[in-house]
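Protein sequence lines, in the order shown, are assigned to chains A and B. Position one of the first sequence corresponds to residue 1 (the working numbering), numbered consecutively onward. Position one of the second sequence corresponds to residue 1 (the working numbering), numbered consecutively onward.
Hints were generated in silico from the structure; no laboratory data involved. Please note: incorrect hints may appear among the correct ones.
[Said to hold, decoys possible] Derived, one-sided and incomplete: chain A residues facing chain B with beta-carbon distance under 7 Å:
1. Thr-102
2. Thr-133
3. Phe-236
Since this is a predicted model, take the numbers as computed values, not measurements. We put the beta carbon where it would ideally sit given N, CA and C, even for glycine.
Listed below, chain by chain, are the residues.
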Amino acid sequence: MNGAEHEQHEQDPFGPAEAKAPWRTIVALAAALLLLALTLYAIYAYNSSRHLAAPDISLTGLNEVSPPEYLYSIAGPEGADALRDPMGVDVSADDLVYVTDTAAGAVRVYTVDGDYRFSFFEISDGKRKTLGTPVYVEVSSIGEVYVSDRRRRAVYVFSDEGVYLRKVTPADADEARLWGPLALALDEDDDLWVSDVGHSDFHQIIEFDREGDEIGRFGRSGQAERVSDVPGRFLFPNGIVVRNGFVYVADSNNQRVQVFSEDGRFDHLVQTSGIPRGLDLDDQGRLYVADALAHQGDVYLTTGERIASFGGQGVGPGQFLYTNDLALDRRGRIYLTDRVNHRVQVWGWSEPPPGIAEVAGQPALWPLLALLLLPPLLLLLRRRRFVVTEDFLEAMAAAGHIDAMQAGMRWSWKKRRWLWVVPAEEAALYEGRLLGGVALDDLLTAWEHSESDVLDLMRRQELPRPTAVLLVVAKRAGALCTQAPALALSGRAVGVPAYDARRFSERFLESERAGDREESREGAG
Amino acid sequence: MGYLGRTLVAGCRRWASPAYLGTLGFLTVVAGVLCLLPAAALANFGIHGGYSMDSQTCAGCHRAHTGASSIMWSDSQDTERRALLLGTETRLCQYCLSCHGSAAAGAATNVEEGVYEAVGYGTLGATLNGGAFGADVVGQNHHNCDDGSASPFGGEGEVVMTCCSCHDVHGSSNYRLLKDVVNGVDVGGYVATGRGEYSPEPYVISNEPGYPEQGWLLHDEGAAQIARYRPDYTTPMYAKAPGEDPTRGISAWCAACHSEYHRADLDTSSRYDAGDGFGDVTRYRHRLNVPLGEYLGARPLRLEALRLPLAKDYGEWTPEAAADDWMDCLTCHRAHGSDALMTGFADVADATDPEHDSGSGSVPPGTKNALLRLDDRGVCEECHNK
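Isolated chain A, as found in the complex (with noise of 0.2 Å):
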């Protein structure tokens, strides 16, 4: 500032308040940019890995999961049936567990309490009349069993009781013949999931209606450098859950789940500790994963944390060797394969596990995200305060301008709103008054003042009690509207700038209409 402007400024009551340090301004600036991009970066790592960049943030339960205990295994007759290479199951909905024996080329059949029934492995399919490596077992809501046969390329469908009915394959005779059907999933609408790893480029999913009619496929083979690499690209996907809109795929080889809308687009991941093999869900959104290469059973909640853990590597009751596939029973009982020890463990929560509410993971941490929007949210929605005197309100209202105070009040895109401020001790003076056709009590706001602060500026700056409250309450507001050159120089000397209803109306107004001029020619342009 150089020493005319100074002069000036000295002269005028209404020049600018006492001036904060530029730099002040470029560090606050600096930090709000900083702190919005910080914010955008986090809602887009957010969204990227539905994991937010942040740790473990305990929340109620989820420390205090009890994992499920063992219960029993199923391990078949002796003799030809013997269950050896146990590699899929499920439960059918009265109560029947249906298990792949791979090695003996056989799906057998259990009661839930381990019961043997029967074995079956009889088909159809020209020269063929047996299974040849059946791998994974679905059973559909009118009982029909479906089994992925690796070694026959096909999967094959039968009744309740093993009698065989179909198959279903790809329509494309070249792509029937060379597709690999592997994990199995039908959704609420008996629509049938299939991964295919037939090509090493295209593993896939494939989806039929129940005629065996395909309604669609999505992905191909990739394999991830990171858990969040290649989205939607698979290798080994061993298992698939449909439920509630989203398809869960078990990308084994990548260690991860990767869960899709059913039209196929990628929606997140849940990352998980070995070779996720088989999947379900129960009915209160919990992921279960059969871990192949860890010896256990996995329990996430569907945004990816994990809740609990069973089992381990070994040959005794609760241990496992090589599990591969689970499935639920109606009363939420978990059923797995024991491959290599020859049987299918069960296994249940020992105290009712805790509700999807109480371990609610990512979506409560909205809020954090939420707080760090707050600032600038805050910024845009702060009205800008004036502290006003009478004789401003009077110089308003003959100028014409009191309207344009009033319509200030209200919300608009294009400026922060206005609020009008007058000391509560004075409020009885505008009481019922019209101004301009505006009423003065739905115009003004009364605030308190501190008294200590006016007893405090009474004797620093020598004012008369009025001035000092008007001061005090216009120094909290952060503008002063007068008319009084000696109030507007009182404000000065205390930081608050002043404006008279000429300056206002240049200051505010003015820029006002030329922003709305400037938005006209724009929309005529």
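Assemble the complex: chain A is given as a structure, and chain B must be docked to it using the hints.
Chain B alone, transformed into the frame defined by chain A:
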């Protein structure tokens, strides 16, 4: 400057007061800490090697201090060390078969039945180059992969055989994860070339599309090589030894155990007891790592429609045999196991057997096929055309 800009600047002017700056600074620090903390991320978890330096994959199988498995690995001095594997597993082959087994749940290479179960890197349903391990397919005609001890033909002592006796699941400089040190013998590896840099020195390379002649690099560079590589699991596309050095190649690699079958001095005779009843006498054997054209018999070798795989110059693979192709161990033998049938004289390798294939004289009936690719002595006739 639009309304938002004006508002931002105006707000920042107001926040320029010390009180607001403190609040703003605190919020910025909190947001910064939230964003700078490590997000959930796994490193390169290619199943078999090429791991990045910040890999978390190790913890998928190993525990540094609490491993409960007794499974061992052999160091470069052939001393057995604990593999520190997770869990209490004592047999390694099941670990491998959980992916490479008959269900082919984690790999299209079903080594149990010796079948390639997909298309893309081989012919669907075709026999794997290495053959099979499963008893249902090859009986006992396979390299032992289930922790049993074996005395290698033409070798000394006993070798504990598992999948990892031949393959390094974490990657190697060689073709198909073949180990760099076998039975205490260097057959590949890496040499330090600078600060933290290593250069592969493989014994075995391949002519498959995209196979790197220099061998497999480490870490991200190796991952980049893998991305360009198109293996073929059912069509042998063998290459001669790197640099056409006859003391290397797959024959030298096999000789880490079968030491007398391909000596470093390339001598085709040596004296040792082969356990066949003849005792410690001089043994003579077929030449290896030599061009077929060096055979100068009265009747030329039959090279047309040859059913045996030969090793060719790197980068010049064709299915047709040529005179400068090498024969090596894999020309006649499969590495994993073979279902070739041996009958009559072909199944006898014991000089003490008084009557061929009779089971008399304490010599059991011969059923072994020595992992040969063709029935009886078809591998001889295939070339020599007698």
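Results of checking the hints against the structure:
no.	hint	verdict
1	Thr-102	5 Å, holds
2	Thr-133	6 Å, holds
3	Phe-236	5 Å, holds
Every hint, counting from the list given before, is met by this structure.
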